[in-house]
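Asks: Quick mapping for you: the protein sequence lines, in order, are chains A and B. For the record, in the first sequence the residue sitting at position 77 is 77 according to the numbering used here, with numbers rising by one throughout. For the record, in the second sequence the residue sitting at position 263 is 263 according to the numbering used here, with numbers rising by one throughout.
These aren't lab readings, by the way, just hints derived from the structure by calculation. Hints are supplied without guarantee of correctness; some may be wrong.
Pairs involving identical chains hold if they fit within one copy or between any two copies, as the list cannot separate such chains.
[As the list claims (entries may be wrong)] In silico DMTMM-like cross-links for lysine to aspartate or glutamate, where the CA-CA straight-line distance does not exceed 20 angstroms:
| # | residue 1 | residue 2 |
| --- | --- | --- |
| 1 | Lys295 | Glu261 |
| 2 | Lys295 | Asp263 |
| 3 | Lys208 | Asp144 |
| 4 | Lys79 | Asp18 |
| 5 | Lys295 | Glu285 |
| 6 | Lys235 | Asp253 |
| 7 | Lys79 | Glu188 |
| 8 | Lys208 | Glu188 |
Number of protein chains: 2
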Amino acid sequence: MTVPRALPAEARAVVRGDRRALAQLITRIESRDPSVAPILRALHPRTGHATVVGLTGPLGVGKSSLVNVLLAHLRSLGKTVAVVAVDPSSPFTGGSVLGDRIRLERDPGDAGVFIRSMASRGRAGGVATATREVVRLLDAAHYDVVLVETVGSGQVDIEIRDVASTSVVVLVPHLGDEVQTLKAGLFEIADVFCVNKSDLPGADAAAKDLSELAGLGAARDGWRPVVVSASARDKTGVTELWTAIEAHEAFLDAEPGRRAEADRRRIANELVELVRDRVAREAAERLQADPSHGKLLDEVAERRLDPRTAADRIYERTHGSSSRTRRR
Amino acid sequence: MTVPRALPAEARAVVRGDRRALAQLITRIESRDPSVAPILRALHPRTGHATVVGLTGPLGVGKSSLVNVLLAHLRSLGKTVAVVAVDPSSPFTGGSVLGDRIRLERDPGDAGVFIRSMASRGRAGGVATATREVVRLLDAAHYDVVLVETVGSGQVDIEIRDVASTSVVVLVPHLGDEVQTLKAGLFEIADVFCVNKSDLPGADAAAKDLSELAGLGAARDGWRPVVVSASARDKTGVTELWTAIEAHEAFLDAEPGRRAEADRRRIANELVELVRDRVAREAAERLQADPSHGKLLDEVAERRLDPRTAADRIYERTHGSSSRTRRR
């Protein structure tokens, strides 16, 4: 493959599919190393080819096993696949991440597969931003499909829509009773529902319930969630799952501008997050460096000033008071 | 009790302990109604009296049952108690929240108890900020102890230290094997470990392991986590749990400036979050309103511009280019 000389060396390594370079860049994105910016900038025009699929769902529904059989299915179709397992920042999920990762069997010699866990040690905002950037790297490295799997539950589950063009919510039969309670949240996320462990009793009823709910509700942006049943253990339903994902991808391309509109919405959220992250970093640095901010802290601690008013003062000092009326 | 006329009417209602006024103000904080700002401002000087205890831990360790017996114990000591159950924003935890809430038995006629669940439908950042403000309301309403319970796992677990002056991590015996993996994260959070379900086999070993780990590690800010065993079912260990919490509170007061230093750290984080939230809100509004931002979105969507560069441009337009060197 031709790789233009104009690209930075590390960007060229990504385009060539150099796995070690990819792994190192991902680590640098995770640790918020600012020196990756020019590499991401150089690679951005080379993104937008991969199908990015998000898989989310409660703990214990077998997401990792499902990713495993989906991976095998995609390889049998000749597609190259990258898997990103995103872990919300709670230390409590550490154990299950490890457990899930170990269970993900694969042929270590298969050059068409790349698997990576991402832990988020940082605060709010970091996970989605870093995940998006990692997905773009893998896209630029020519993986046909990028599977983003969220581990456990947490805010990342909702943000999966900000990362993937098709989002799959994985459930199991015994959650059937709870679906009524959860449905608003679930239908906000899912383009495809996958009822895993379809060998368990109640699986058909759960799938039927979901299908009925999907039929009753208003279609979101013209799409009604598709419900498929699968069993990662028996390796059934995986063809149907991939067909449903492809159907949603085809839907996005069926009308001019539809995919672009979804892209724009995701990008708008991303830009807001990037600006917010930068402002938060700078506000934290100034708060530590500036002695007058120390006085503000004292005033709040001594109850002479309330936090919102103090925050407004910091805002005005650091972002100019030319700004519009105060909101809080 | 004397309530100065100078306070806004709603603030006076809080100070009088009017439960309906409290409940309504909490709802307004949850929905980010900006009109609560003057009320919080007026009440701020009246806060700082309550003991704020955070309880966190993995799903299924029996946090709510433990809160329940702790609540009964505190009432028997004559203390008034408010409970705030914070739910991370995942729709998947909806079911368990409901379940936990229903299990929290109490005497509905007891005026010395106030219980409230807080769901966070919003994005990153909102939960901790709103929780802190709700805790201050309850503090101003003269509750002696405010128990903040996080539901499930998620970022809120880590942020519990930003809300509570004493943080309790609740575990159960069968998590013993995983503790080695999790310990760094757990010891970052816990002032007190509570091994619940101490009637189960392995409970003594789990408590001993934790005590040894606590003894080996470096003391954080001079405090080594205390490990207690309890059984919410058998109502044992609750006295020991409260004694451990009080020991940590006494430690904070044992040396001049120690509690103030911890307060200042929390306030510093809070101010950064408030500034970040405001900036994010404004960036989102401008992005939607300004046609030149629409062009930026197009450029990113069409791969002519990368997101980080686009975010830098928004930052410079909205926050002035007088600012320091670019970070990303």
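Asks: Hints first: check each against the structure and report whether it holds.
Replies: Against the structure, the hints:
no., hint, verdict
1, Lys295 - Glu261, "between (47 angstroms within a copy, 13 angstroms between copies)"
2, Lys295 - Asp263, "between (44 angstroms within a copy, 14 angstroms between copies)"
3, Lys208 - Asp144, "neither (32 angstroms within a copy, 51 angstroms between copies)"
4, Lys79 - Asp18, "within (18 angstroms within a copy, 63 angstroms between copies)"
5, Lys295 - Glu285, "within (15 angstroms within a copy, 32 angstroms between copies)"
6, Lys235 - Asp253, "neither (29 angstroms within a copy, 60 angstroms between copies)"
7, Lys79 - Glu188, "neither (29 angstroms within a copy, 43 angstroms between copies)"
8, Lys208 - Glu188, "within (19 angstroms within a copy, 45 angstroms between copies)"
Violation of the numbered hints given earlier is confined to hints 3, 6, 7; the remaining hints are satisfied by the structure.
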